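Produce the entire structure from the sequences given, and follow the hints as far as they go.
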Amino acid sequence: AQSVTQLGSHVSVSEGALVLLRCNYSSSVPPYLFWYVQYPNQGLQLLLKYTSAATLVKGINGFEAEFKKSETSFHLTKPSAHMSDAAEYFCAVSPESGYSTLTFGKGTMLLVSP
Amino acid sequence: EAGVAQSPRYKIIEKRQSVAFWCNPISGHATLYWYQQILGQGPKLLIQFQNNGVVDDSQLPKDRFSAERLKGVDSTLKIQPAKLEDSAVYLCASSLDSGETQYFGPGTRLLVL
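Residue numbers (my numbering), protein chains in the order written: chain W, 1 to 114; chain H, 1 to 113.
Since the hints were derived computationally from the structure, they do not count as laboratory data.
It should be emphasised that the depicted structure is a prediction, and the values quoted were computed from it without experimental measurement.
Note that CB positions come from ideal geometry on N, CA and C, so glycine has one too.
None of the hints are false.
Computed, partial: chain W to chain H, Cβ under 8 Å:
(1) LEU44
(2) LEU46
(3) LEU102
(4) PHE104
(5) GLY105
(6) LYS106
Okay, derived cross-link-like pairs now, DSS-like style, lysine-lysine, Cα gap no bigger than 30 Å in a straight line:
(7) LYS58/W with LYS44/H
(8) LYS69/W with LYS44/H
(9) LYS44/H with LYS15/H
(10) LYS106/W with LYS62/H
(11) LYS49/W with LYS44/H
(12) LYS62/H with LYS78/H
(13) LYS11/H with LYS106/W
(14) LYS15/H with LYS106/W
(15) LYS69/W with LYS58/W
(16) LYS62/H with LYS15/H
(17) LYS58/W with LYS68/W
(18) LYS78/H with LYS106/W
(19) LYS68/W with LYS44/H
(20) LYS83/H with LYS44/H
(21) LYS58/W with LYS106/W
(22) LYS106/W with LYS83/H
(23) LYS44/H with LYS71/H
(24) LYS44/H with LYS11/H
(25) LYS83/H with LYS62/H
(26) LYS44/H with LYS106/W
(27) LYS83/H with LYS11/H
(28) LYS49/W with LYS106/W
Right, dumping it as structure tokens:
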């Protein structure tokens with residue numbers, strides 16, 4: 001069984017500030033981990049994915065995430081927030097055996113103020 | 001390359017009515033998924049197709065929901081009869097094959113009154 005917990009339904013930052021979105025997972029087997037972004041009235045877009053290679057994963061738009069097995073975490077970060085980063089972010093997990101079955105967290109809304 | 005297309009984008013119906021959603025996946029993608037996203041929650045998988053066969057429909061409420069993927073390309077998801085709790089965004093996604101990255105469509109927002 002797999003599950004994902006995203007801490008904080010809303011995160012507010014100022015433009016130029018560090019973005020940190022938290023994700024903790026539970027999985028009975030080695031996981032693959034994903035971050036997706038959803039802009040208003042749009043579908044989900046893949047930001048980055050961890051598939052048991054390098055633990056630090058770089059994605060699009062300057063985002064990166066680090067897989068920490070000891071902490072069962074996969075937090076998403078960006079050094080400097082832009083106004084265009086305002087969106088909802090979803091963490092998801094799937095079994096390493098194949099990443100068809102995605103289990104999503106409840107999402108974190110990122111608000112960016114000028 | 002065209003993305004995943006869905007229609008309609010919005011639909012408002014009364015409870016006990018029926019509704020159908022359509023999805024056209026990315027060309028050449030063998031795997032197609034339907035997700036339900038209730039407000040304030042992450043997407044939940046309803047059904048997964050591999051070509052025109054069902055791989056996983058364990059979370060599909062089969063008493064009212066049905067889906068098909070004739071000819072292994074387009075897919076239709078139907079709800080009959082709809083309940084208030086079916087109000088949600090229905091997302092379609094496709095991937096080149098099972099286990100590959102999933103690409104999502106814009107979704108159909110359903111409101112059941």
